[in-house]
Amino acid sequence: MIELSNLSKNFDGEKEKVQAVQDVSIEVPEGELFTLLGPSGCGKSTTLRCVAGLEKPEKGEIRLGGEILFSSRENIFVPAHKRDIGMVFQSYAIWPHMKVFDNVAYPLRIKRLPREEIQVKVKKALETVGLEGLEDRLAPQLSGGQQQRVSLARALVKEPKVLLLDEPLSNLDAKLREQMRLEIKELQRRLNITTLYVTHDQVEALAISDSVAVMNRGRLLDVASPQDVYFRPKTRFAADFIGLTNILKGKVKKRETLMGEVETAVGPLKCPLPDQIRSGDTVLIFSRPEDVKVSKQKPASAENILEGEIKTLVFLGEMLDCQIVVGPELLRARLHPKSGLMEKERVYLTMDPESLISIEAV
Amino acid sequence: MFKGKLNTQFMVLATCAAIVCYLSLIPVIMLLYNSVVASGPKGSFFTFRNYIEAYFDPEFYPLFKNSIVFGLGSCILTFSIGTALAWIFERTNTPFKKIFAIMALVPFIIPGILSTVSWILLLSPKIGMINLVLMKLFSLPRAPFDVYSLYGMIWVQGVHNYPLVFLMMAAAFRSMDMALEESAIMSGSGILSTFYHITLPLMRPAMASAMLIVFIRTIESFAVPAVLGLPAGIEVFTSKIWVALQGYPPNYGLVGSLAVTLLVISVVGIFFYRHLTAKGERFATVTGKGYRPRVIDLGRFKYVVSALCVLFFAFTIGLPVLTVLWCSLVPYYEVPTLAAISNMTLKNYKFVFNFPGTLLAFRNSIVLMLATATLTMLLTSVIAWITVKSRIKGKGFLDVITFIPIAVPGIVLGVSLMYVYLTLPIPIYGTIWILLVAYTTKYMPYGIRATTANIIQIHSELEEASALSGGSWLQTFRKITLPLLVPGFLAGWLYIAMVSIRELSTSILLYSSKSVVLSIVVFDLLEGGEFPEISALGMVMIAILVALALIANKVGARIGIKRVA
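From first to last, the protein sequence lines are chains V and W.
Just so we're aligned, residue 1 is where the first sequence starts under the numbering used here, counting upward by one.
Just so we're aligned, residue 1 is where the second sequence starts under the numbering used here, counting upward by one.
Check before you lean on any hint, since a few could be wrong.
[To be verified] Below, a list of computed lysine-lysine pairs in the DSSO-like style, where the Cα atoms sit at most 27 Å apart:
hint: 1; chain 1: W; residue 1: Lys-98; chain 2: W; residue 2: Lys-302
hint: 2; chain 1: V; residue 1: Lys-17; chain 2: W; residue 2: Lys-395
hint: 3; chain 1: V; residue 1: Lys-56; chain 2: W; residue 2: Lys-395
[Stated by the list, open to error] Sample of chain W residues facing chain V (criterion: CB under 7 Å; computed from the structure):
hint: 4; residue: Pro-427
hint: 5; residue: Gly-430
hint: 6; residue: Ile-458
hint: 7; residue: Glu-461
hint: 8; residue: Ser-472
hint: 9; residue: Leu-484
hint: 10; residue: Pro-487
[Claimed, not checked] Label pairs and their in silico Cβ distance ranges:
hint: 11; chain 1: V; residue 1: Asn-6; chain 2: W; residue 2: His-459; range: 54 to 62 Å
hint: 12; chain 1: V; residue 1: Leu-176; chain 2: W; residue 2: Pro-95; range: 41 to 49 Å
hint: 13; chain 1: W; residue 1: Pro-483; chain 2: V; residue 2: Val-362; range: 51 to 59 Å
hint: 14; chain 1: W; residue 1: Lys-395; chain 2: V; residue 2: Pro-272; range: 52 to 60 Å
Keep in mind that the hints were calculated from the coordinates and are not lab data.
Computed from a predicted model, the values in this text were never measured in an experiment.
We put the CB at the ideal spot given by N, CA and C, even for glycine.
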């Protein structure tokens, strides 16, 4: 539905040009919720604003359902107000001089729809977001969550092909954020509307998306399902940015068909290797803390057993966050809160080879 | 299509930018040029003769000394009053402090020339009511007070200027993060030591900038030095410039060099002021979060403070205004007695509304007020839009240019515009148009402050949301941008209307018998000593200004008034 190819956008910085978006290509299938995830300044919002038509890229092409919205080669730029797109802004951008009804009716009035039709459609849109009965309120009289819903209703009321959401939950408190996250997901499924979602919150991205694109410094690093982005990161940045990861660097000693043995600072580790890796190459091994098993006794028969000393234990309610010194490295593990381990205790760590991921070190 | 729209947009922006540059730069350039060029039998030539003559004139040093003493004296008085009131309002539990805060802004409304008149009515050695009463009560041989003196000037200017200090210091007290003081107290520091080591250093930028701006405003002032200083032979820069222009032939050389000198003092002052306020912002005592007013309990002493405030306002506002009101209702000014009360009349008001001169002045003042406020706000709105929203290069430069007139004293602007329109072939000298040009130039900086604040508060996402809803540039402007701009625009408009209706120091050099305005009429009537007529006219002016202030308050004029430089 949305296709970006080789999109690039620069900004004039203080001294030189800043490349906000560099050569980004994305394809969002119809009905999918696609998330751009990355730290602030990574170019995710700029990419979204290029799709909206609020920024004009330097290079590349943007298509919406086959229609060209922007093409640097053909010198086409459809202005924002001619694009069939609804958008929810970070600040919600509810016009303070208009009532809720007028805010939502605005896109329809611009289209010059008949009065009765506007009434019906606005009512339906407000029902969709659960705001029936608040038509006559002014924006300052609304809570953050309600403003969010008005903003959604206004974006959806003209039944656009695509919905854009720019960090829509970042102004809400934690509880409400979780609730709205579910509601947006549910709404998007029900309406089956293609959605491009921007956030810097990895948990939000994993929870809500059909696909996640990880961005950093204007570049697209990884596009995959939430599960794959989490369990099979393709770059060090993606592994580090999403969740906690133990990262170990090592040299491949021996390569077998799929597995191999890697010499690391904590000792030899057995792990799966990418196809192109030969023995002698340097790789990075990723291990999620919840995949690291910790025990007092040395397990009888297992691979990848390391020995270390617990440095700190932090009780977090549902788990213990544990830092263990192994040789020169500090590894993180997550333990059951009643595991009964103590700080300074000597323990054995087991990393199941199947749970490890390795990539070529660059 | 896209290109065509850009072109109209570009034309509007370019025209406004050009007008602003013309208004702000040409007068200053002409002033500087004229001060270093003299004409001789072989045509004009470059010379520093004007400066040398002015600076080596034996009259220059008393002039310089008077200006500095007047400036510093009034500055200290103003600063003490303004800061004390601000502290009482922000930091103590004094009863009725909210009413006092409103009272502290009242001198803003009263034109400088009228407050000067009121103090003559109270403190003149011959007719001053306070003097007469005291002489009678204590059988004094001579009047104890003389308003026609340097002390008189300092007092009158001081009790008129303090609202500015009040606003600046109140903002400084309010925006200080209490945690900074509290953490000093938790570190074991006593209240006095906390004040000395923490509060005072943190307030220093605000204090310095308030004092600086008041000093500059004082040495730029015209009404007080001209009305109170000249009869006593006390000349300062502004009154001397005026005197030099009254002679025949006018001493243009002296006027030019004095005007440039005054301009330089003012520019240096404004430069440091801007530097200080920027630094103050960097100090970051201002935080939106965690603001809790910490009020000091004055105990029983709070009633004393409250009573002192009542006395202060009664003496500096109540008494002068009532005196002017009294004077406007009697045939000739005298101490109120039963006989005098029975003589009360409305004939002074009849004079005001029947005398052709005042009627013309009313018309001119109102027309100028409407035109200046509208023109200035429209012009600066466009400039503010450029500097806030556009990505055009050199926009910072445009902001600076619009701000330049704030550093040009009113009388200096008058001199400069005189030069410009006596030289350029634009025949507006002596008409109401030159006053419109002068007022617009003078109030551009206030306009740009108000409009910039106004446009900044419109988050660009509000406009973008309209574009994404299908609204075109024009539809977005009409339905979103404009309605959101109107309240701020109106507030700025009212503020400029208020200051332009009482303008004197620039008009005094540019008016003619056809373009006379209200404050000029007051100034002229003063020469004949016609106090009852002046008072009636003054009460009408105050009524107009109070009405404007009330409307401004309704509209939420804080944007306009609180940001006065």
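Of all the hints numbered above, which does this structure not satisfy? Sort the numbers upward. Numbers 4, 5, 6, 10 and 11, in rising order.
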